[in-house]
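As a plain string of letters, each chain reads:
2 protein chains.
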Amino acid sequence: MSDISVDGDRLLMRLKELGNIGRDAGGRLVRLAGSDGDKLGRDLFVCWLSQAGLDVAVDRIGNIFGIWRPAGTEDCQPLMLGSHIDTVINAGIYDGCYGVVAGLEVIQALKAANFRPIRPIAVAAFTNEEGVRFAPDMMGSLVYARGLDVDAALSTVGTDGAILGEELKRIGYAGAEAPGFLKPFAYVELHIEQGPVLEREGIALGAVENLQGISWQRITVEGTANHAGTTPINMRADAGYGAARIIAYLRERARSSATPTVATVGCLELEPNAINVIPSRATLTVDLRDPFEHRLKEESGALGAFLEMLAREEQLLISVEQLAQSSPVAFNREIVQMIEGAAEKRGLTCRRMTSGAGHDAQMIAPIAPTAMIFVPSCGGISHNPAEYTSKADLVAGANVLMDVVRHISSQACI
Amino acid sequence: MSDISVDGDRLLMRLKELGNIGRDAGGRLVRLAGSDGDKLGRDLFVCWLSQAGLDVAVDRIGNIFGIWRPAGTEDCQPLMLGSHIDTVINAGIYDGCYGVVAGLEVIQALKAANFRPIRPIAVAAFTNEEGVRFAPDMMGSLVYARGLDVDAALSTVGTDGAILGEELKRIGYAGAEAPGFLKPFAYVELHIEQGPVLEREGIALGAVENLQGISWQRITVEGTANHAGTTPINMRADAGYGAARIIAYLRERARSSATPTVATVGCLELEPNAINVIPSRATLTVDLRDPFEHRLKEESGALGAFLEMLAREEQLLISVEQLAQSSPVAFNREIVQMIEGAAEKRGLTCRRMTSGAGHDAQMIAPIAPTAMIFVPSCGGISHNPAEYTSKADLVAGANVLMDVVRHISSQACI
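Taken in order, these protein sequences are the chains called A and B.
Using the UniProt record's numbering, the letters of the first sequence map in sequence onto residues 1 to 414.
Using the UniProt record's numbering, the letters of the second sequence map in sequence onto residues 1 to 414.
One copy or any two copies: either way a pair holds, since identical chains are not told apart in the list.
Here are the computed lysine to any residue pairs in the SDA-like style, where the Cα-Cα straight-line distance is at most 20 angstroms:
hint, residue 1, residue 2
1, Lys-39, Ala-25
2, Lys-39, Asp-160
3, Lys-297, Ile-233
4, Lys-111, Asp-7
5, Lys-16, Pro-385
FYI, nobody ran anything at the bench for these hints, they're computed from the structure.
Please put together the full structure from these sequences, using the hints given.
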C-alpha cells in the first residue's frame, strides 16, 4: 500500500500559503467565517481544486466541495475527506486547514498515480467550524448532516451584528446545492491533535476512536460575607472555600477515573473580592468531558451529590445552571482499524485516542461511518500562532490518510 | 461595686443622635476623617463634654479629650477611656461611637454619684481610626503613642487628594496640644465585638486579652493555559487548581490550630478566565491572623513550605508578596481580670477573647496598661447599617466599664 506517497513539499507550501492569507494589520491570522479573510482563503482553495481538475460545488451554507469523479464511479456514494479553513482570532496555520489541504493532496497524489477508485472522492471545507463570529461552532457540518435547518443557520446574527447568510452572499459563497447533496459513503478527517498526548508519548499518529461529550455548568456558591479577623473558622460560610473544594473534588475524580474524563474550572469570580472579607459568593464554571455518555452522566450526578454534601457541611447555598451539553460520539471501528493497519504498514507508531476538542467529524458521524486521524501538536498548543506540527508528522498523517482512502474507495462496503 | 449604674437611656439616645449625623444624600452614615460629617460628629461630642463639665482638649492630630479632673487629682496620671467617632462608608452607628459615648457616660454617672477617684479620668475620640480616606488606619492613636510622627501624619494625602492637616484646620480640629500630652495611667476601650462569637455562645461580655497579629500576602500561581478538552489531567499545570489547594490548606491548618488562627482568601482572580481554558495564572490574597507572634511566624513558614511542595507537585511557579504585617498585641492581664471580676459581680457571663479586628487600644498598649471589653454584635455584622447590639448588652458593657474605671481610678498602681 505504500508505493504511492503524497507530495510533502506541496502540502507544506499550501499550508503556508493559506496561512499567509487573512492576516490583520497586526499580522494575526484571522479568517472568521464569512469575513473578507475567509473569502480570500476560500478563493485560494477553490483555485487549487480547479487546478487539480476537481468538480467544485458550494452548498447553501457555504460548504465547499472538490469532487473527483472518475468515469464509472458516478453512481456510487463518494468517500468524503475534509475539515475547515475558517480560523479563530490570532490562529495557527494547521487547525482545520491541514485536513482540507491534505485531503486535496491525497486526491491529487492518487490521480497522479492513476489510482482507480470504485467511488468518487471528495474533499470538503465546512463553513464556520470555529464559531467565533457566528454560534454554534461546527455549523457547516451540522447543517450538512441536517442537524440544524439551513435557513435558521443563515439567519444567525454574528458578534458584530452581521447576518451569516448576507455575509456568505457578499463574499460569493452562498452556493446553490442543498446541504447534504452528496451523501458520504464514509468520512475521514485528518487533524492536528491540539493536545499534548502524542508528542509526550512519542507516537506519530492517533487513530481517533471517539470524541468526548461535553457538559458545561455554572455553579454559584453563596455564603456569608464576614470580617476576616473577627469570624472564627468554625463560624464561617465561606463561598471561596466552597469553590476551592469543588475544584479539588473535580480534579481528584478526574484523576482517578477509569475513562479519560477531564474536568476544568476555567472561570472563577469572588464577591466582594476584598482582602479582609470572607467571600459571600463564588461563581465558577465547570467543563466536564468524557467519551462515554453513561460516564458523563455518572460524573455529573456525582458532582451534584458532592455539591449537596458540601452545601450542608459548609452552610452554603449552591445552585447549578447547565450552560451547554453535547453527547459523546463513537467513531467507526472498521475505519479506526484501517488507520491502525495503514500506520503499521508505513512503520509509524499509532495509538487509539479520544478527541477532547470538537470537530466537523462529530457532526458527519450520524450520517456516515466516520473516523479521524490525529498528528502531534508541538507542546499541545493550538488556537495560537505557536501551533506547530513538523513536516515529517504532517506528511506521515497525509500518507496514512491516503492509504485509508485507497482502502475505502476500493471496496463496496465498510 | 454595683450600687452605681450608667444612664442607659441617655447612652442609647446619644448613640442614635450621633448616628443621625453625617448622613449622605442616600441616607448612608459616612463620617470619614476630616470631612464635614466628621466635623458635625465632633461638634456634638464636644458639646456633650462641655455640658458634662469636662475639660476639653484637642491635640495636633485632632484627637479630642474630655477630662474630668476632680480637685486633688491633678498630679496623677489620668485613666483613659475611648475609641473613635469617624466611620466607614455606609457604616453602622455602634462601631467606635459606643466606646466614646459610653466613656463619657461612665464619667457622668460617677460624677453624679459623687464618686471620688484618686486620678483624672479622660475620654478620648481618636482621629481617623477607620483609615478609609487617609491611610494608615488607627492614625490618631498611633500618633498619640508616638508610633508615627505628627507632621508626617498631617501631610497624608487622602483618596480624594485632600491633605489631612488642612482638612483638620478647615473643620476646626487642628488642636494645639502635642500628641501624648496626657500620659495615660491605663487605657480601657469598650467596643462592639464585630464578630459572631459572643452572640453564638450566648455570652454577655468579652474580656479581650489580646489582639491578633496580621499578615497580608499576595500569592501568584503560574501554570500553563491549555485546552480544557485535549489536555489530560496528568499533563496539566493548572493555576486554578493550585489556588484551590492553597485555600483548602489554609482552612485545614486554621481549623486544627490550637490558637485562634484565622486565614482568609478574600480575593482570587484567574487568567484567562475562559470556560474551556485551563487557567494559566491565579492571583489570590491571604489574610492570616493569630494572637501570638510565634504562631503567626509558624503559620507563615508552614504556608511557604506548602507552596514549595505544591509548586513541585503540580508543575507550578508560585511567588509570594508580603502586602502588610502587624504584630499581635497582648493586653494587660490585671485589667482583663478586673473586667472578668466586674462582670461576675454584675451577674454577667464573660469569656476571655481575642480581638480579630484592629482597634485604637493596640496603638495605646505600648505606652500604658491596656485592655478592651467587647459586647455582642448581632449576627457578627459590622461596617454595615445592619450593625446592631441590644440596649441590654450596651448598658451591661458600660456598667462593667464603669466598675473597672472605679477600680483603676481608686488605686495607685495596677
